[in-house]
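Number of protein chains: 2
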Amino acid sequence: MSAEDILNEIKQYVIKNSPGNALITDVQFEGPEVVIYAKNPEIFSNSFVKELARIFRKRIAIRPDPSVLMEPEIAKDKILKIVPEDAEITNCIFDANTGEVIIESKKPGLVIGKDGSTLEEIKKAIKWAPKPVRTPPISSETIKAIRATMYRERTDVKEILRRIGRRIHRDVKLREDCWIRMSFLGGAREVGRTCNYLQTPESRILIDCGINVAIDGDKAFPHFDAPEFSIEEIDAVVITHAHLDHCGFVPGLFRYGYDGPVYCSKPTRDLMTLLQKDYLDIAEKEGKVMPYSSKDIKKCVKHTIPIDYGVTTDIAPAIKLTMHNAGHILGSAIAHCHIGDGLYNVAYTGDIKFEASRLLEPAVCQFPRLETIIIESTYGGYDDVLPDRAETEKEFLNVVAETIKRKGKVIIPVFGIGRAQELMLVLEEGYNQGIFNAPVYLDGMIWEATAIHTAYPEYLSKNIRNRIFHEGDNPFLSEVFRKVKNTNNRRNIIDSNEPCIILTTSGMLSGGPSVEYFKSLAEDEKNAIVFVGYQAEGTLGRKIQRGWKEIPIMNRNGKSKAVKVNLSVHTLEGFSGHSDRKQLIKYLRKLKPMPERILTVHGEASKCVDLASTAYKLFKKETRAPMNLDAIRMK
Amino acid sequence: MSAEDILNEIKQYVIKNSPGNALITDVQFEGPEVVIYAKNPEIFSNSFVKELARIFRKRIAIRPDPSVLMEPEIAKDKILKIVPEDAEITNCIFDANTGEVIIESKKPGLVIGKDGSTLEEIKKAIKWAPKPVRTPPISSETIKAIRATMYRERTDVKEILRRIGRRIHRDVKLREDCWIRMSFLGGAREVGRTCNYLQTPESRILIDCGINVAIDGDKAFPHFDAPEFSIEEIDAVVITHAHLDHCGFVPGLFRYGYDGPVYCSKPTRDLMTLLQKDYLDIAEKEGKVMPYSSKDIKKCVKHTIPIDYGVTTDIAPAIKLTMHNAGHILGSAIAHCHIGDGLYNVAYTGDIKFEASRLLEPAVCQFPRLETIIIESTYGGYDDVLPDRAETEKEFLNVVAETIKRKGKVIIPVFGIGRAQELMLVLEEGYNQGIFNAPVYLDGMIWEATAIHTAYPEYLSKNIRNRIFHEGDNPFLSEVFRKVKNTNNRRNIIDSNEPCIILTTSGMLSGGPSVEYFKSLAEDEKNAIVFVGYQAEGTLGRKIQRGWKEIPIMNRNGKSKAVKVNLSVHTLEGFSGHSDRKQLIKYLRKLKPMPERILTVHGEASKCVDLASTAYKLFKKETRAPMNLDAIRMK
Ligand SMILES: [Zn+2]
Ligand SMILES: [Zn+2]
Ligand SMILES: [Zn+2]
Ligand SMILES: [Zn+2]
Ligand SMILES: [Zn+2]
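Residue numbers (full-length UniProt numbering), protein chains in the order written: chain A, 1 to 635; chain B, 1 to 635.
It should be emphasised that the hints constitute simulated quantities derived from the structure, not laboratory data.
Among the hints, a few may not be true.
Pairs count within a copy or across copies, as identical chains cannot be separated in the list.
Simulated pairs of lysine to aspartate or glutamate, EDC-like, Cα-Cα distance not exceeding 20 Å [what the hints assert, rightly or not]:
hint : residue 1 : residue 2
1    : Lys-635   : Asp-225
2    : Lys-394   : Glu-573
3    : Lys-173   : Asp-218
4    : Lys-219   : Asp-177
5    : Lys-219   : Glu-176
6    : Lys-405   : Glu-395
7    : Lys-635   : Glu-604
8    : Lys-635   : Glu-190
9    : Lys-131   : Asp-95
10   : Lys-266   : Asp-308
Okay, chain A solo, but in the shape it has when bound (with noise of 0.2 Å):
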């Protein structure tokens, strides 16, 4: 059946289903939805709706016909007035692609009213379906941006979505012969690059498509010359989270002509846009031939088609996508795909964090069906046990008090998102406890990044959840944190006596702030650093790391100057957003259901054979370490 068949389909049965004043205007494929327009939305129940979706085996959204929604302008107004003034209302965000406004207010319970009361009030009003949200404890330039951007060229992005989703619900004939296969394409037996190609006869689908910002030229990038890959062909991207090793090349598919959708949650969209920025910032003042440029960025962000955890869609003709919390970072996810109804299941961990952090809850490890589960294997060595994180913590805890205690200054190089919100936390804790009493700088992306955290409290851990909803504590908004806004200030905080904290990227001092707090207290034994990440070899963290006792350090000038490393040095392994050994066995042992067969990639190649190996021993299913440009049958 063609798409418009289905659509017919649908229209018939929605008219003859739904009562008279319902006025239906239109029904239309956007992205993986079915689209019912009416001129009195309102007037269809939930249960209506879910019956629908269960029936056609879509998802249905029901939005009201364009030509009923009152101008934002005046529709903002109107809210203004029905709305109590207590409320605070702060911003009003119309989408014109869903007839939506989000509502952000410091206090949403009174945008809501009693019983919904108010909301109906505004409904009835403006017509467009308004969407209570607390404002944004921090703003953030990367969601105001990425807002802009989707309202301005609403029109285009609207446009993008219904040719997406009738490439979706294109005429195929399943074949009986299916068969189900991945090819590696990048980041298997390494780290870096991870991009998987899934095909099926009628489909062909890029799971994570990243770079390696370690290294130059062609092997940075995915094997794009595998015969089997064509951009061309490609029906779906997806994305498990926003570190570059799995998202970096995503605007270089557009730069070569991909014109297709890029599933992945809210948050990774976000962080993605900030990372892929940053790298290109980054590059083009180190003069690096980019592959792409941010034209590519705003058109990966325009066709970027959000999902929420646990919610099944459509990506391409028998292809279902569902994402489930990966634990790693804000927003990362396992990607679970079911292929030809009920045929094959395959499920892709991403990074994965399977121990509760205090940002997020550990990874999903059940799923309605699972053959084949191909898991990371970044600690997958037999001797990659990491410590225990309760001690971890203290021990970072004590370097604080100590180095405070002595009037000095603890740097902390961090990569920006995941890492520095995680310590942002045990700091937070550390100084209520009065372990410390020093105030915490954040310097380079971190402020960015937590803004962006702070803007989905629900991807956050229970706990944290908890204290934000119903105590009206956000942990992040504590006054031991200062952003850092300009090099003065910078320059103040390096100059003053006060010891402190500070968190500041890069987190291998490969350049940004970090290098800049290091070379000014390099030489007063009263600082401290301490490096909470992997250090790669030739970078400047890895030479102090090893204990160089003087490093020479290029000047603005280009001169070379010589610095003496006099603070104390620490290493503390175990904050790692990546899951140790104990834990990836753990997790495959948790699995439900068993898969009959394991992939283990996202790893130097010793690792992912070892844990390819262990994991043999262990369950005896099928299991392989799979090369870069492999090809696995699956089914």
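Knowing the structure of chain A, use the given hints to seat chain B with the ligands on it.
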């Protein structure tokens, strides 16, 4: 360097280093060879040509400029005048593409003359290069037809060769991060539709391209729906041997747009053409839709570049092919590919017999280098040990002798190529030793296949070659063999009381004369039927083998008639052209050098898996039984 540049360089070198009176007229790529045309080609010494090949690392051929070649008709008269009549010249075959004339005679020694003096005289007189050969004792319609095609379409063939030559020597920049992989498009964990697809960044090679004649529909053909397969990109097709499960689809490639070379041995070219035509004839009679027509078979012949065992040939940028005897059927080969200057070597056995048979030498097991072996697994299962060969022959001759003694007839249904000729050699010896005294009738395709065998004595076992060349004693010409010329002839054989042996196709009684013989001879208990090959489920052969006492057989008029089975039924498994389990393991053990990876294919799933698992236990190398549509990275 472009193809043009290479040619120019060679031309300059030759002009500079050869006597001026050679009169070079042209230098061209023709297929994998560099051909130097000269008005006086005889001036070049063999050592000069070898030196040239060494320097430029190309196969070099020196040929007379077409302008100096005498008209074939006149040249033939000249040859007949020069060579003494006693030589009994039967045919002169002028090959316009090579400037050679094959002189077939009963006494080739007289064509050569003392110290080659007669040859020299001929050469001087006609300028064609004379190649004296013994007149094949049985003339082959297939070979005649192929020669006629090649002569008639010589202009077209030359153009094809030049196009292929330029493609092989095209200008490609070999990448530093070279990768090599093999996709299995058919014949993995199954028998039938064998198709291996070798890929490097620069090249695509198809090694074998078979069909499964036992089934209908898409599953009879290789997985051309594999995403990496692209018919336009194929550089070369390599065929290991003439069985349809290895070459049955090749004309189909030309039907669907392939226009490149097919590399195989000369006997394989001829036998393959015979079998493809036969397959087409049968399919047409059965009203099947075929993926090609006889026009495509002719196209395939014109694109075939025969290569001898042991000769290394450039078949694509950075891919060199060497064929080695596989011991399976006449002309069968192991394909050894040497990829990227010394970088990687993979050998694919095709079907192998690792035991001397009467007809052929055992498979070659030594290679200059070897990293991966892809080995057949037809009898790779734990129980697949075949009876001893000498025992089997004895048993076979016993059955024959006893049946003849009781004045019965022996039906031996065989596949036309390979087993038939092997049994002929056994029967010829038995007859000579007086074990039985009765004629052996050859029906169906066997006679023609035997004719092709006699045309290529150099491909037969040392023993047979000795008999033919040194003792003038060709076993295929024994008086015991009689050709069944037509239906009348067949009727007479059936009706006469004379005891006899009938070797006849098809081997599984799935059609052809074997069914006729069986219907008429089954009810007489004096007769016998001997199965020497595999009988597939559902075939008439299988039913007889299983001991059915009454079998309904369709008559020509479409009515079913019950045939009583009274003749004695025998099955002999020891004549297989495949290595049994012991021989396969012995082959791996004897391999030189031992490869680092062993892949098992061409067998039921359990047999491929059994063999892989045994090989792993024995050799501790990476072993796998890939699936169809798996792509395995080799380097
Ligand atoms: Zn990650
Ligand atoms: Zn990663
Ligand atoms: Zn677009
Ligand atoms: Zn064969
Ligand atoms: Zn075969």
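Hint-by-hint comparison with the structure:
Taking identical chains as interchangeable, the C-alpha atoms of Lys-635 and Asp-225 lie at most 20 Å apart only when they sit on different chains, with a minimum of 15 Å there against 24 Å within one chain. Taking the closest pair of Cα atoms, Lys-394 and Glu-573 come within 20 Å of each other only inside a single copy of the chain (13 Å); across copies the shortest separation is 75 Å, beyond that limit. In this homomeric assembly, Lys-173 and Asp-218 come within 20 Å of each other (Cα to Cα) only across copies, at 15 Å, whereas the closest approach inside a single copy is 38 Å. In this homomeric assembly, Lys-219 and Asp-177 come within 20 Å of each other (Cα to Cα) only across copies, at 8 Å, whereas the closest approach inside a single copy is 36 Å.
For a Cα distance limit of 20 Å, the shortest separation of Lys-219 from Glu-176 across copies, 10 Å, qualifies, whereas the shortest one inside one copy, 38 Å, does not. When the C-alpha separation of Lys-405 and Glu-395 is checked against a cutoff of 20 Å, the pair qualifies only within one copy, where the shortest distance is 15 Å, while the shortest distance between copies is 98 Å. In this homomeric assembly, Lys-635 and Glu-604 come within 20 Å of each other (Cα to Cα) only across copies, at 17 Å, whereas the closest approach inside a single copy is 27 Å. Only between protomers do Lys-635 and Glu-190 lie at most 20 Å apart by alpha-carbon distance; the minimum there is 15 Å, versus 25 Å within a single protomer.
Taking identical chains as interchangeable, the C-alpha atoms of Lys-131 and Asp-95 lie at most 20 Å apart only when both belong to the same chain, with a minimum of 11 Å there against 85 Å between chains. In the homo-oligomer, the alpha carbons of Lys-266 and Asp-308 lie at most 20 Å apart inside one protomer (7 Å), although the nearest pairing across protomers, at 63 Å, exceeds that limit.
Comparing the model with each earlier hint shows no violations; every hint is respected.
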